[in-house]
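Protein chains in written order, with the numbering used here: chain A, 17 to 252; chain B, 100 to 788.
Derived from the structure by calculation, the hints contain no laboratory data.
One-sided excerpt, in silico: chain A residues whose CB lies under 8 angstroms from chain B:
1. T26
2. I86
3. R89
4. Q96
5. Y113
6. N116
7. G119
Glycine residues also receive a C-beta, built at the ideal position from the N, C-alpha and C atoms.
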Amino acid sequence: MFEVKNLAFTYRSRPVLRDVSFVVSPGETVCVVGANGAGKTTLLRILATLAVPDYGSVRMDGQDAFAHPIAYRRQLGYMQETPALYEDMTVRGYLEYRANLKGEPERRIRRRVGEAAEMCQVADLMKKPIRTLSAGLKKRVALADAVLLRPRLLLLDDFLAGLDAGLRSASGAILSSVAAFSSVIVTGHELPDLAKWATRFLVLRDGVVASTVQAAGADAAALVARVEKEISGGAK
Amino acid sequence: MSPVRVTWRRTLGMARSLYSNAIATAGFFAGAAALFAFNLESLEGGRVHLAAVWTVSVAPLLPVLAALYGMDSWSDERRSGRVDMLLSAPVRERDLALGKFLGVWTMTLLAAAVFHIVSLVSLAALSPRLLSDASPFAFLPGFVALALQSALWSAVAVWASALFRHAAAAACATIALLSALPRGLWLAILAWAPQGRISFGEMPLDAQAFDMASGVVSSGTVISYLILTGVALFAASKAVASVRLVGRGARGMRFSTLVAVALSFVLAGLSIALAVRLDAKFDAPLGGPGGLRFSARTRNILEEAHGEITVTAFLSRKDARFRPVGHFLRALGREAESVGGVRVNLRYVDPKWDLGAAERLIRMGVEEDSLVFERGRRMTWISLRDGYGERICASAVLRVAMPPQRRSVYWTTGHGECSFEAYGNWGMSDIARDLMSDGYRNVALDLTGDAQVPSDCALVVVAGAKSEFSRVETGRLENYLRQGGRLLVLLNSVDAGGVATMLAGWGIRPTAAALSGVRTLSGTDVIVSEFSGHAIAAPLRGSQIVLERPVAFLPSAAADAGVGADRIEFSPLATAGGACVAAVTERGAGAGDDLEIRPTRIVAVGDVGFVMNGQLAARANANRDFFLNCVAYLSGTDAVTEAGTEADRLVSGMDRQRRVRFILVTSVAFPAAVFLVMVLMVAGRRRRE
Chain A
17 MFEVKNLAFT YRSRPVLRDV SFVVSPGETV CVVGANGAGK TTLLRILATL AVPDYGSVRM
77 DGQDAFAHPI AYRRQLGYMQ ETPALYEDMT VRGYLEYRAN LKGEPERRIR RRVGEAAEMC
137 QVADLMKKPI RTLSAGLKKR VALADAVLLR PRLLLLDDFL AGLDAGLRSA SGAILSSVAA
197 FSSVIVTGHE LPDLAKWATR FLVLRDGVVA STVQAAGADA AALVARVEKE ISGGAK
Chain B
100 MSPVRVTWRR TLGMARSLYS NAIATAGFFA GAAALFAFNL ESLEGGRVHL AAVWTVSVAP
160 LLPVLAALYG MDSWSDERRS GRVDMLLSAP VRERDLALGK FLGVWTMTLL AAAVFHIVSL
220 VSLAALSPRL LSDASPFAFL PGFVALALQS ALWSAVAVWA SALFRHAAAA ACATIALLSA
280 LPRGLWLAIL AWAPQGRISF GEMPLDAQAF DMASGVVSSG TVISYLILTG VALFAASKAV
340 ASVRLVGRGA RGMRFSTLVA VALSFVLAGL SIALAVRLDA KFDAPLGGPG GLRFSARTRN
400 ILEEAHGEIT VTAFLSRKDA RFRPVGHFLR ALGREAESVG GVRVNLRYVD PKWDLGAAER
460 LIRMGVEEDS LVFERGRRMT WISLRDGYGE RICASAVLRV AMPPQRRSVY WTTGHGECSF
520 EAYGNWGMSD IARDLMSDGY RNVALDLTGD AQVPSDCALV VVAGAKSEFS RVETGRLENY
580 LRQGGRLLVL LNSVDAGGVA TMLAGWGIRP TAAALSGVRT LSGTDVIVSE FSGHAIAAPL
640 RGSQIVLERP VAFLPSAAAD AGVGADRIEF SPLATAGGAC VAAVTERGAG AGDDLEIRPT
700 RIVAVGDVGF VMNGQLAARA NANRDFFLNC VAYLSGTDAV TEAGTEADRL VSGMDRQRRV
760 RFILVTSVAF PAAVFLVMVL MVAGRRRRE
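Sequences are here, hints too, so could you generate the full structure?
Set out below in structure tokens:
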């Protein structure tokens, strides 16, 4: 069980997040949506321990993320909005480097890299230098890195941004398979695509969780319309 | 694989694809080689180890190299956003910082090692004698010193890179902190108070490298570098961690981080102060050029002086000279033990800490910063301001261990001679002070009055007379010489104030020098390295003296004429370009021991400027030793100064052409080749990608 409680974050005296609380169950895919500047990326950065909140707690199975950061990060996969990879490395070299860095035992690295590459559909790019890949393929490599050690919590920031329709659909399929072993928190603006595999939407507005929209069983178009309405202010 | 190792390998991998590293490496090779060639030339003939020269040539450039290698280590990660990927991985910041540091350090050491190999291979090809006596381990202490220093430089470079988003800013900050600031401060201290050089010695960073390269390992220095490296790494890991400290909630953590770093610096300062206070020194047991060797004269003195001598180094432990003085005195003690002579006990008295002992010394009239030699109730001390070299200390041992005996050297005056009391560049006060240290008294001699040459005269020196000696004066000198007198003539021209005529009567004919194919440094001077087997010159073989437009000497008609006690023997001492530029004649040498005739001895040297203050200060060569050997021989002292073996002295034997070739190979061709290869490698990698 992943639990965020009363999270607040202020950047240069501007409150970005205020009293954000939610819970994510195992196997759930939660989409955090909101207008630009609503605090989605900041929230994910805090959950990835890349920023320290003013107050509030982030807990994985009761264990505080900031009190035990190494143990927490072992169960975490994080993909940032614009993947920053080592361009001089090949895909295989990069994934092996990341697996090594994350402390995976040597004997399991080859298997882990192979599985992640298969899952993210980059297995045929393994010998290619990252410099030569397109932005979409780089995102897949970054995703392979994030799921490399089968994390219990996967954080994907603006996962579908900049991808064409084909790649978006393929990425959605990847995400569905990842959800088999991970809780996923994903941010983005592509509501129709997100609605296909989200179990729940968290709508962030002015730094607070304005509403929670359950996706299970809902009609996709109606769901998107409702979420859009929540994003733009509910009553309007 | 540990995160440290993974990060280390990645840092090395990234370095291979950066053009900036090709420029940094080639620039380092070019700069270090130029500095090495310059130091080799300026220290030619000096009593300094090749390993130390090599080390101090590389040491000043290492901070710059480390700064350039390390500038991208974190800046690039921050700029590209990869730092988020690193910090979201289950790795401690200190492991990441340590891995980056090890990568930068490895590259810095690799560059130093490659330069070591290349410079020495070039040197071996162009000056085999320089390396012929070098122990394979002679360079090890110097390399350890560079490794210690470069560890600190690399840690600071990584720290700066973590603080600055722009690599250039990180490099500038590192260079400013490690190189410009300490060297600028040092220059400012010297400009503000030139006596600072006396108080502090050489630039501390260079001095530490030099000491260690010479085989003096100081625990205080080693511990200081280790502590500072640790603190810099701690600060670097905190700087990396602070990347995530944004937002108001992190203010407290930011403050506590700053306090932690500040406290670590304070703690490091205290630890270093303690380490320096309890400093222990030991000599690296490497043999070869790593240790000091003493001359035959010093060994003779130590062997003949029996009993026990206490040598007290009366100076602050913080003084830059403390380490080299301690190293030297311990070597002196070992030498005395090895020849089975006097036993040397060493004591150190710090004027600020050992108050009781310091008070006793001050009551005895001893000044601070001095070496005190005591044997029973006899005591003498030498001020470190005047130097503490082998000859000075051997003379001090002689004074306390041998029966008191003071001989006088008389310097003629009134004919434009150089004065032994003049302190300028054209004076001879330095060499006169050396004579005093050797137990001589310097006295001016005016022969124009009624005075004859005094009976306590060990020898008469005519140092570059310009105007004529009167007949009375010449007569008095002739009279002195006929009674077994000793004369040292330094000529600045063939005529030399009429002294030439007198010399001709004693077997020496000055003549205009016709030198062919001589080696020279400035074009007007002559490097003399061919020495005869005479007692004065033989010990100087393997070293060189430098004379300015020397006068040459030929045997006159009087030479090798006469029989028995009247026979005058002419012997050349040193030759250059086929001409004899220093000669000695002796009358009565073969007369037989039972006659008890004191032989007349005259030494003529074809230059007067070679022992002037300016010349002695400008270059390290055997000029001083040559002069003192002449004095020792003329005054009848058997123990002459030995210039030492090749291992003791830095004698490259390279002429101008070879020097130019050495500079071209190491400072131009090799760096250019390295640059080309590295650029091609980077370009090749990028093209393949």
